[in-house]
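S.K.: Build the full structure now, drawing on both the sequences and the hints.
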Amino acid sequence: MILFEVVLSGVLVGGMYGLIALGLNLQYGIARMMNLAYGEALMGGAYTAFWFFMLWRIDPLASMLFSVPVAFCGNWLIYRYLLSPLIRRAANQEILEADTILVTFGLLFVFQGLALVQWGGEYRGYTYLAVPIDLLGATVALNRLMAFVAAVVLALALYWLLRSTRLGGALRAIAIDPVAAQLVAVDVPRLSALAFAAGGAIMAAAGTLVSMFLSFNASIGIVYTLKALIVVIMGGVGRMLGCLMAGLLLGLAEALGAYLVDPGLTLAINFALFLLVLLVRPQGLFSRG
Amino acid sequence: MAEKPASRWWIAPAAAGVAFLAGLPLLLSAYTVSLLISVLAYASLATSWAFFSGTTRYISLATAAFVGIGTYTVALLSDHLPLAVVLAIAHMIGFVIALGVGLSTLRLSGIYFVIFTFGLTELIKQLVIWFEINQTKTLARYIFVNASGTLIYELLLATATIVIAGVWWLSRSRVGYALRVIGEDEMVARHSGIDTTRVKVLVFAATSAVMSMVGAVLSLRYTYVDPNIAFNSLVSFQVLIMALLGGIGRPWGPALGAVPLVLLSELLSGTFPHHFGIALGICFVVIVFFLPGGVMGLVDRWSAWLPRSALRRRKES
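Residue numbers (our numbering), protein chains in the order written: chain A, 1 to 289; chain B, 1 to 317.
In case anyone wonders, no lab produced these hints; they're calculated from the structure.
You may find that some hints are simply not true.
To be verified - Only part of the chain B face toward chain A is listed, based on derived beta-carbon distances under 7 Å:
id, residue
1, E122
2, W130
3, H274
Unchecked claim - Have a look at the derived ranges for each label pair, beta carbon to beta carbon:
id, chain 1, residue 1, chain 2, residue 2, range
4, A, G120, B, R107, 14 to 22 Å
5, B, F144, A, W119, 33 to 41 Å
6, B, I282, A, F66, 24 to 32 Å
7, B, H191, A, G121, 49 to 57 Å
All C-beta atoms in this analysis are idealised placements derived from N, C-alpha and C, irrespective of residue type, glycine included.
M.R.: Here it is as structure tokens:
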């Protein structure tokens with residue numbers, strides 16, 4: 001029975017990992033920009049939810065109405081004015097990659113520094129829907145369940161959008177081959193910017209959800225960037241369904257590792273998986289070929 | 001193929017300069033000496049970082065991991081062994097761990113290597129915390145080594161001198177040449193008979209060992225150490241940005257880049273610790289956008305090494 005609870009908690013966290021990996025996949029798989037400041041949107045979303053809740057008693061889910069559009073616009077501006085100039089300037093892919101790594105690291109430090117100056121380094125959290133719920137014999141906090149459901153709904157909506165709409169088709173075409181997409185009249189620069197902005201917006205939403213059941217601080221962003229990247233690599237760059245599966249897998253592996261080995265070694269499990277996948281199956285676990 | 005024999009006229013003045021620096025603690029206040037200690041430490045770190053990461057283009061963020069390994073070695077062993085032995089052990093542990101890391105990860109390219117090396121610091125930190133909590137039941141350690149500022153200064157001056165001279169000498173040797181070819185095009189390097197794995201792993205291990213050494217010497221300044229102090233990933237970024245600021249690919253560049261950033265850190269970290277992070281972040285952006293060639297920046301360097309522009313240059317000449 002305990003094992004079932006462990007698996008359940010792994011799945012609940014895994015849904016969140018799937019969501020943040022989906023957002024990173026929009027940025028890295030479609031817009032082809034490795035954004036190392038990706039997690040800062042999560043940090044921003046979490047702080048927004050926290051302050052809205054603490055100061056004005058506004059429901060965290062409602063605070064998304066503020067944080068998500070802000071993150072969308074912020075990421076769009078970053079892509080448009082900081083990253084696109086690099087694309088135009090770069091002589092080839094490797095220079096572009098080095099440039100984006102450095103610029104987005106810079107952004108990471110700026111955002112993290114601003115948050116530290118503003119709110120200090122201590123861990124924050126609030127109590128929201130901390131009601132125990134009985135789920136098939138296991139006890140789960142309602143906030144966890146709620147966050148999981150919201151994450152899965154968001155992820156599935158996004159998946160449907162990519163799979164079944166005209167816009168989604170164009171985005172997937174860019175993920176597969178940006179040059180060929182241009183040839184069939186897909187406006188690659190505009191849609192890449194859109195995908196990048198949407199990725200940031202998803203991360204802000206994830207931040208809101210995470211803040212409902214985990215404590216966070218100003219330097220939490222990079223941790224989630226790393227996890228998102230690990231999941232994306234496991235699932236396959238540009239592959240959406242693979243990411244959701246890999247997210248669940250990472251959540252499960254973490255929960256089982258924490259239960260069977262030691263809770264202090266979650267990060268070690270993350271990196272072991274990361275290395276294993278990169279060395280054995282660099283194209284991702286769920287991709288064909 | 002053969003490099004022009006470099007003129008050696010500057011060796012005598014450089015030696016005189018080192019001798020002068022060695023005498024400085026006699027003239028300066030303790031505060032200035034401690035500032036110079038930071039400059040020398042970061043100059044050594046940035047120089048060794050640039051020798052591997054700058055030339056091969058494997059951007060490593062594991063600097064903090066190796067510095068921390070050095071620091072922790074001292075924290076664990078300094079009560080039991082004489083200082084010289086502890087420093088030698090720190091150096092060796094850094095080398096061995098880097099060897100293992102290099103063998104398993106230097107196949108990763110680009111962003112994956114960056115992320116892995118960044119994660120390595122966190123990973124080692126977590127493992128140390130886990131070990132301390134579960135096995136030794138102490139999370140904080142005290143370092144009781146009677147080392148004066150002057151001793152630390154002289155040790156680091158020696159390290160910095162050896163590192164800069166070593167990098168200067170190595171970059172003119174077959175190893176340096178091999179590294180540059182790897183940075184230009186790894187496939188070409190392999191086809192021209194360079195054992196790329198061996199060169200990469202050995203140089204990565206050797207430079208990482210230097211970082212552990214620096215971490216070990218620096219730790220003599222502290223009396224109290226815990227994993228969060230020892231494995232501070234900010235160090236990796238500082239070293240990277242110093243090397244970029246100074247200009248990689250020249251023996252003196254990274255060391256020069258260390259000076260302004262150490263001063264900036266000293267200026268800000270006392271009163272506004274968080275503002276230093278912001279300043280560092282702005283530095284990254286400014287270097288990429290406005291100083292790609294100005295301070296011998298990374299981008300310009302790299303673009304000059306890329307196969308296509310190399311071809312262009314050959315055609316022009």
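S.K.: Now look at each hint and say whether the structure bears it out.
M.R.: Verification of the supplied hints:
1. Evaluation of the E122 of chain B hint against chain A yields a held restraint, the C-beta minimum of about 6 Å falling below 7 Å.
2. For W130 of chain B, the interface hint holds, the least distance from its beta-carbon to any beta-carbon of chain A being 4 Å, beneath 7 Å.
3. Nearest Cβ of chain A to the Cβ of H274 of chain B: about 4 Å, under the 7 Å cut. The hint holds.
4. Range check, G120 of chain A to R107 of chain B: Cβ separation about 41 Å, and the 14 to 22 Å hint is violated.
5. Taking the beta carbon of each, F144 of chain B and W119 of chain A are about 37 Å apart, inside 33 to 41 Å as hinted.
6. In this structure, I282 of chain B and F66 of chain A meet the distance hint of 24 to 32 Å, their C-beta atoms being roughly 27 Å apart.
7. As the Cβ distance of H191 of chain B to G121 of chain A is approximately 51 Å, the hint placing it in 49 to 57 Å holds.
Comparing the model with each numbered hint stated earlier shows that hint 4 is the single one that does not hold.
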